[in-house]
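There are 2 protein chains.
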Amino acid sequence: MHVAMLLYPRLTQLDLTGPFEVFKRMPGVTVDLVWKSLDPVEDASGLRLLPSATFETCPKADILFVPGGPGQIELMADVETLAFLGRLAAEAEWVTSVCTGSLVLAAAGLITGRRATCHWTSIDQLALFGVEPVAERVVFDGNVVTGAGVTSGIDFALALSARLFSEAAARRAELSMEYDPAPPFHGGSPATADAATLQAVRSGIADFLARRLKASEAAALALVPHP
Amino acid sequence: MHVAMLLYPRLTQLDLTGPFEVFKRMPGVTVDLVWKSLDPVEDASGLRLLPSATFETCPKADILFVPGGPGQIELMADVETLAFLGRLAAEAEWVTSVCTGSLVLAAAGLITGRRATCHWTSIDQLALFGVEPVAERVVFDGNVVTGAGVTSGIDFALALSARLFSEAAARRAELSMEYDPAPPFHGGSPATADAATLQAVRSGIADFLARRLKASEAAALALVPHP
Numbered sequence: 001m002h003v004a005m006l007l008y009p010r011l012t013q014l015d016l017t018g019p020f021e022v023f024k025r026m027p028g029v030t031v032d033l034v035w036k037s038l039d040p041v042e043d044a045s046g047l048r049l050l051p052s053a054t055f056e057t058c059p060k061a062d063i064l065f066v067p068g069g070p071g072q073i074e075l076m077a078d079v080e081t082l083a084f085l086g087r088l089a090a091e092a093e094w095v096t097s098v099c100t101g102s103l104v105l106a107a108a109g110l111i112t113g114r115r116a117t118c119h120w121t122s123i124d125q126l127a128l129f130g131v132e133p134v135a136e137r138v139v140f141d142g143n144v145v146t147g148a149g150v151t152s153g154i155d156f157a158l159a160l161s162a163r164l165f166s167e168a169a170a171r172r173a174e175l176s177m178e179y180d181p182a183p184p185f186h187g188g189s190p191a192t193a194d195a196a197t198l199q200a201v202r203s204g205i206a207d208f209l210a211r212r213l214k215a216s217e218a219a220a221l222a223l224v225p226h227p
Numbered sequence: 001m002h003v004a005m006l007l008y009p010r011l012t013q014l015d016l017t018g019p020f021e022v023f024k025r026m027p028g029v030t031v032d033l034v035w036k037s038l039d040p041v042e043d044a045s046g047l048r049l050l051p052s053a054t055f056e057t058c059p060k061a062d063i064l065f066v067p068g069g070p071g072q073i074e075l076m077a078d079v080e081t082l083a084f085l086g087r088l089a090a091e092a093e094w095v096t097s098v099c100t101g102s103l104v105l106a107a108a109g110l111i112t113g114r115r116a117t118c119h120w121t122s123i124d125q126l127a128l129f130g131v132e133p134v135a136e137r138v139v140f141d142g143n144v145v146t147g148a149g150v151t152s153g154i155d156f157a158l159a160l161s162a163r164l165f166s167e168a169a170a171r172r173a174e175l176s177m178e179y180d181p182a183p184p185f186h187g188g189s190p191a192t193a194d195a196a197t198l199q200a201v202r203s204g205i206a207d208f209l210a211r212r213l214k215a216s217e218a219a220a221l222a223l224v225p226h227p
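Chains A and B, in that order, are what the protein sequence lines are.
Under my numbering, the letters of the first sequence match residues 1 to 227, in that order.
Under my numbering, the letters of the second sequence match residues 1 to 227, in that order.
Hints should not be assumed to be uniformly reliable.
On the chain A side, residues computed to face chain B include the following (Cβ under 7 Å) [unchecked claim]: (1) 21; (2) 24; (3) 28; (4) 120; (5) 133; (6) 134; (7) 177; (8) 182; (9) 183; (10) 185; (11) 193; (12) 200; (13) 202; (14) 203.
Simulated from the structure, these hints should not be mistaken for laboratory data.
Glycine is no exception: its CB is placed at the ideal position from the N, C-alpha and C atoms.
Using the sequences provided together with the hints, build the complete structure.
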């Protein structure tokens with residue numbers, strides 16, 4: 001079982017490193033971090049990760065995975081990356097994402113007509129691509145599996161691993177990762193956050209979100225539906 | 001506010017990448033990943049990360065942080081690393097760890113007599129160093145703050161950030177990371193796991209744990225209490 005995880009500049013690293021930790025605890029899994037070259041890739045906060053394969057060398061993937069993050073805006077207009085994702089998806093069993101990675105899959109025409117989730121700030125933008133936004137933490141629609149924002153990647157990968165390998169293997173991963181979370185404020189979703197926090201986060205990223213919206217609109221116009 | 005995170009071979013990357021994601025959302029924080037050289041460091045599952053500073057170049061840290069993972073066994077006998085941690089800790093405001101990183105702090109003599117936590121499989125080994133094991137997800141004892149296994153790093157970093165910066169900033173991080181966890185099996189601690197899973201995880205790592213215990217015993221014997 002081979003997992004290809006797209007690693008790109010200014011991703012949100014936890015979107016990728018959370019699921020990586022889970023997948024690597026499954027029996028017989030190999031994971032590649034894939035980008036255009038093998039040079040270090042810097043995440044949105046300055047963490048530097050090394051790819052293990054390029055678009056040319058990455059083997060056929062059973063699971064194609066796209067994380068989110070600020071750099072996702074540029075990816076939606078990056079024909080080389082979109083074409084690579086299309087090639088891999090055509091042979092993959094599962095097409096998956098966490099956070100705004102679903103917007104990249106949408107821009108590549110890979111989830112048109114599907115139900116999918118995304119980071120709560122940006123989930124409405126899925127509709128621009130003919131994708132049905134579903135505000136749940138993990139969404140399965142056929143072979144398309146998407147997780148919501150950032151930390152949902154852990155839940156996403158555990159849920160997918162239970163389906164792909166066995167519930168027992170996923171349960172062992174949960175316990176070995178001591179995944180018994182205790183969020184100190186229980187305000188990690190727009191439904192549970194207090195009004196001041198919600199307002200602060202929304203206004204803090206308003207300009208950025210407007211830029212993402214423009215990019216999504218442009219990508220949706222450019223979209224040629226995937227066969 | 002400067003955070004120095006120890007990055008070493010065969011760490012468990014999520015121990016570090018979870019807290020990294022939280023700390024970088026705090027205002028004015030800089031983070032260094034520190035190791036003996038700037039060459040890539042490979043985690044226990046093959047993820048390769050790049051250090052940003054060496055033992056020689058790392059500036060004074062306000063927060064010293066040590067993650068856990070299999071490579072922690074060798075660190076407990078690595079006098080160069082233990083000495084570096086001692087130097088940094090002497091000037092740091094906070095001495096912190098996640099998972100079996102607390103055993104490294106203990107081997108460096110930095111938390112003798114303190115209350116601390118650790119991955120549930122190994123928490124009893126803290127007592128060998130004169131550290132009081134506390135089976136909680138995040139443990140504060142003065143300027144020593146420790147998190148339990150792997151995923152607890154997110155809770156640890158949010159709790160510490162609330163204390164260091166502001167509760168409002170930590171609440172914003174929780175929401176922007178969409179940290180509204182939904183573990184699919186609710187069995188992430190020995191208290192909540194089913195018996196079969198607990199037994200499988202325990203027997204799967206029995207040999208490894210015996211090796212860690214030997215290393216902890218040797219490190220405890222070698223321990224010269226930190227002044």
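Verification of the hints:
With its C-beta approaching chain B no nearer than about 4 Å, residue 21 of chain A sits inside the 7 Å limit, and its interface hint holds. Evaluation of the residue 24 of chain A hint against chain B yields a held restraint, the C-beta minimum of about 4 Å falling below 7 Å. At a threshold of 7 Å, the smallest CB-CB gap from residue 28 of chain A to chain B is about 13 Å, leaving the interface hint violated. A cut of 7 Å between beta carbons decides the hint on residue 120 of chain A: the least distance to chain B is about 6 Å, and the hint holds.
Interface restraint check: residue 133 of chain A against chain B, minimum CB-CB distance 14 Å, threshold 7 Å, status violated. Violation of the interface hint for residue 134 of chain A is found here, the shortest Cβ-Cβ separation to chain B being roughly 14 Å, above the 7 Å cut-off. The closest approach between the C-beta of residue 177 of chain A and any C-beta of chain B is roughly 4 Å, which is under the 7 Å cut-off, so the hint is satisfied. Checking residue 182 of chain A against chain B by beta carbon gives a least distance of about 5 Å; that is within 7 Å, so the hint holds.
Taking 7 Å as the C-beta cut-off, the interface hint given for residue 183 of chain A holds, the closest approach to chain B being about 5 Å. About 5 Å separates the beta-carbon of residue 185 of chain A from the nearest beta-carbon of chain B, less than 7 Å, and the hint is met. Because the closest C-beta pair between residue 193 of chain A and chain B is about 5 Å apart, less than 7 Å, the hint holds. Evaluation of the residue 200 of chain A hint against chain B yields a held restraint, the C-beta minimum of about 6 Å falling below 7 Å.
Evaluation of the residue 202 of chain A hint against chain B yields a violated restraint, the C-beta minimum of about 9 Å exceeding 7 Å. For residue 203 of chain A, the interface hint is violated, the least distance from its beta-carbon to any beta-carbon of chain B being 11 Å, above 7 Å.
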